[in-house]
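2 protein chains.
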Amino acid sequence: MRGVAVIGVGCSKFGELWEMGFRDIVISAGVEALEDAGLEGREIEAVYAGNMSAGRYIGQEHIASLIADYSGLADLHVPCTRVEAGDASGGVALRQAYMAVASGMHDIVIAAGAEKVTDVPNAMEILSSSADVEWEVFNGANLPALYAIIARAHMKKYGTKEEDLAMVSVKNHKNATLNPKAMFKREISLEVALNSPYVAEPLKLFDCAPICDGASVVILASEDVAKEYTDTPVYIKACTQASDYIALHSRRDITTMDAVVHASRQAYKIAKIDPKDVDVAEVHDSFTIAEIMAYEDLGFVEKGRGAELIREGVTALDGDLPVNPSGGLKAFGHAVGATGVRQAVEIVLQLRGDAGKRQVDAEVGLSLNIGGTGGTAVVTIFSR
Amino acid sequence: MRGVAVIGVGCSKFGELWEMGFRDIVISAGVEALEDAGLEGREIEAVYAGNMSAGRYIGQEHIASLIADYSGLADLHVPCTRVEAGDASGGVALRQAYMAVASGMHDIVIAAGAEKVTDVPNAMEILSSSADVEWEVFNGANLPALYAIIARAHMKKYGTKEEDLAMVSVKNHKNATLNPKAMFKREISLEVALNSPYVAEPLKLFDCAPICDGASVVILASEDVAKEYTDTPVYIKACTQASDYIALHSRRDITTMDAVVHASRQAYKIAKIDPKDVDVAEVHDSFTIAEIMAYEDLGFVEKGRGAELIREGVTALDGDLPVNPSGGLKAFGHAVGATGVRQAVEIVLQLRGDAGKRQVDAEVGLSLNIGGTGGTAVVTIFSR
Numbered sequence: 351m352r353g354v355a356v357i358g359v360g361c362s363k364f365g366e367l368w369e370m371g372f373r374d375i376v377i378s379a380g381v382e383a384l385e386d387a388g389l390e391g392r393e394i395e396a397v398y399a400g401n402m403s404a405g406r407y408i409g410q411e412h413i414a415s416l417i418a419d420y421s422g423l424a425d426l427h428v429p430c431t432r433v434e435a436g437d438a439s440g441g442v443a444l445r446q447a448y449m450a451v452a453s454g455m456h457d458i459v460i461a462a463g464a465e466k467v468t469d470v471p472n473a474m475e476i477l478s479s480s481a482d483v484e485w486e487v488f489n490g491a492n493l494p495a496l497y498a499i500i501a502r503a504h505m506k507k508y509g510t511k512e513e514d515l516a517m518v519s520v521k522n523h524k525n526a527t528l529n530p531k532a533m534f535k536r537e538i539s540l541e542v543a544l545n546s547p548y549v550a551e552p553l554k555l556f557d558c559a560p561i562c563d564g565a566s567v568v569i570l571a572s573e574d575v576a577k578e579y580t581d582t583p584v585y586i587k588a589c590t591q592a593s594d595y596i597a598l599h600s601r602r603d604i605t606t607m608d609a610v611v612h613a614s615r616q617a618y619k620i621a622k623i624d625p626k627d628v629d630v631a632e633v634h635d636s637f638t639i640a641e642i643m644a645y646e647d648l649g650f651v652e653k654g655r656g657a658e659l660i661r662e663g664v665t666a667l668d669g670d671l672p673v674n675p676s677g678g679l680k681a682f683g684h685a686v687g688a689t690g691v692r693q694a695v696e697i698v699l700q701l702r703g704d705a706g707k708r709q710v711d712a713e714v715g716l717s718l719n720i721g722g723t724g725g726t727a728v729v730t731i732f733s734r
Numbered sequence: 351m352r353g354v355a356v357i358g359v360g361c362s363k364f365g366e367l368w369e370m371g372f373r374d375i376v377i378s379a380g381v382e383a384l385e386d387a388g389l390e391g392r393e394i395e396a397v398y399a400g401n402m403s404a405g406r407y408i409g410q411e412h413i414a415s416l417i418a419d420y421s422g423l424a425d426l427h428v429p430c431t432r433v434e435a436g437d438a439s440g441g442v443a444l445r446q447a448y449m450a451v452a453s454g455m456h457d458i459v460i461a462a463g464a465e466k467v468t469d470v471p472n473a474m475e476i477l478s479s480s481a482d483v484e485w486e487v488f489n490g491a492n493l494p495a496l497y498a499i500i501a502r503a504h505m506k507k508y509g510t511k512e513e514d515l516a517m518v519s520v521k522n523h524k525n526a527t528l529n530p531k532a533m534f535k536r537e538i539s540l541e542v543a544l545n546s547p548y549v550a551e552p553l554k555l556f557d558c559a560p561i562c563d564g565a566s567v568v569i570l571a572s573e574d575v576a577k578e579y580t581d582t583p584v585y586i587k588a589c590t591q592a593s594d595y596i597a598l599h600s601r602r603d604i605t606t607m608d609a610v611v612h613a614s615r616q617a618y619k620i621a622k623i624d625p626k627d628v629d630v631a632e633v634h635d636s637f638t639i640a641e642i643m644a645y646e647d648l649g650f651v652e653k654g655r656g657a658e659l660i661r662e663g664v665t666a667l668d669g670d671l672p673v674n675p676s677g678g679l680k681a682f683g684h685a686v687g688a689t690g691v692r693q694a695v696e697i698v699l700q701l702r703g704d705a706g707k708r709q710v711d712a713e714v715g716l717s718l719n720i721g722g723t724g725g726t727a728v729v730t731i732f733s734r
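Chains H and C are the protein sequences, given in the same order. Heads up: the first sequence begins at 351 in my numbering, then just goes up one per residue. Heads up: the second sequence begins at 351 in my numbering, then just goes up one per residue.
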């Protein structure tokens, strides 16, 4: 396997983009990434597109062909492939693109993620189809309910408090005020978070990330080719993916996401680093409890002690290990299939020193993208 | 890139499987493939699953995690990835699995394809979302209508007749009588085909493949590893994928599928063969006109002369180049996302000499899987 670098990144606005269709959103991110890389579309050799449910959100399947078409790549007949793994679809697209370059099959490959969710009234029902529909969702356990069950178990076993969860939300909202592209650029107080209504007890409104429209694109190139395009390549040192039981009731312990543990340990091994070498991370805070579990399952702290990191400010923007400097899914917005790629965009900006007012000091970054309640996890390690 | 071989194949029944759910169908194909390979599930290193629209057909996304779960692979946490490209989803899964082994990333990988379509009343509407929904389908041009437009253009430009189309159907139905797993095991006469009602003029009922439930699985291994499992490996010499404009109105010529031309020329080059070296082929006859165009676009005959091959019996089971010995999509059944893998199963059985009463004499086989009206094409070349 050969070295792979990110040579360009792009990201659309995230939010309720009433004025934009799926095609517009994808193209806006793609054009930005091409400009960032100083690349012509004709140099692209393959495209991987992560998308969870265009079939249900916009009534359109086969979106890789659609993207080829609307990106002006159709004449080139390059392979364009959609991948799907719930809200880990973007991460899976990134991994496939990484593999396509690392294997030597292609030199320049696009990883895109996109979702348009605001055209339908039942966006949450559709998102919940990343859990086990027949055995969980059909019986009323949609995604917030399932994460509430996880949170309850974590609280009971490890003493995690509702206040800890709220602090994750407060931190991520604060970070988002420094991010021009974030959906929610407003600080919230701990009191506001704690007094927000329950969505699924113990998870309140401010514990739940908003699903929204958005797209992100990263352009990958082999290490050698990257040098022709950029002076600030960001290298992908590892990109790993693991699966788990789709339904919570089959897992050995719902307070741990084994897919995250498995993927991250493999990634550290491939990248030859320890968890403590990570300087900045974007993790999947679809619900605040997921961020606290991510601290633990990624090995940033011992199992059960995740809440300490948020209490002690370790993961704040000015802490030792800033997590979700972008604002995270909670405040940047969660455009479902776009999120895994969007996380990569943030880590690249941070490692390049292009993150503006939210810039942290970092050499090594990590992103964690999760599908559903942990049926899929993708971990990517980046370095300057 | 290293050599890749098929070491096991499995296929569920194809048809209206009222008694089986999505999970049952997938598992029935998977178990057959594992038994065929003499392999334990624990030896699998990765899974690629092709599926077009579980989101709409059964209300379930994230099906790769579901498949990991129900296949007993969840404990292993191996990466399981769903890919989608309309009814080329199976072919794309095969190609990703091929790349995963060829690149040296994995030794043993599963390519699966599955679809359960009979739980909904609007299966054709959903299938049509592989075309451009906003610009084609919304205006009434669903898949049969779009293929009818293609057929009309082909007839006008090259003199292809409705009788030629009917002969494709008659041939494929005849082949299916020899295939125990086919959906329609009944011979039809040319008269019956020609007198069937129009679905979208000039395409009649017997020009349209039935969409149905079904799943197929092939197990791939590196050339070296394959030898430990089988004495009759079938090698994949090339597996290529190309995209095109999703909508017909943007294409330079709707009587040619450029994605097929592009993917096949690349495949021949990689496999170092000519079209004339192909001894048997499974092509995507979702509509009979597609089979005639495939003869041309794959280079089996000059452009515009596809109908001659069916008139002269060249592609009959006892012809020089048997096409769709399985019965094809028309008579074996078209389980949408399963079809690309199902075609591979047939070619492997033919090259191994395990095709029973429909056995042909072949050293080199080819499969062609198409998404929608040609927005994606996957061509795979196999040899003994």
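Calculated directly from the structure, the hints in this document are not laboratory data. Where is the CB? At the ideal position from N, CA and C, for every residue including glycine. Among the hints, a few may not be true.
[Stated by the list, open to error] If the Cβ cut is set under 8 Å, some of the chain C residues that face chain H in the computed set are:
| # | residue |
| --- | --- |
| 1 | Gly422 |
| 2 | Asn492 |
| 3 | Pro494 |
| 4 | Ala495 |
| 5 | Ser593 |
[Stated by the list, open to error] If you want the ones that stay clear, here's a sample from chain H, every Cβ over 12 Å from chain C, calculated:
| # | residue |
| --- | --- |
| 6 | Asn401 |
| 7 | Arg432 |
| 8 | Glu434 |
| 9 | Asn545 |
| 10 | Glu578 |
| 11 | Asp594 |
Hints, verified against the model:
no. : hint   : result
1   : Gly422 : 10 Å, violated
2   : Asn492 : 12 Å, violated
3   : Pro494 : 16 Å, violated
4   : Ala495 : 17 Å, violated
5   : Ser593 : 4 Å, holds
6   : Asn401 : 8 Å, violated
7   : Arg432 : 5 Å, violated
8   : Glu434 : 5 Å, violated
9   : Asn545 : 34 Å, holds
10  : Glu578 : 23 Å, holds
11  : Asp594 : 5 Å, violated
In summary, the numbered hints that this structure violates are 1, 2, 3, 4, 6, 7, 8 and 11.
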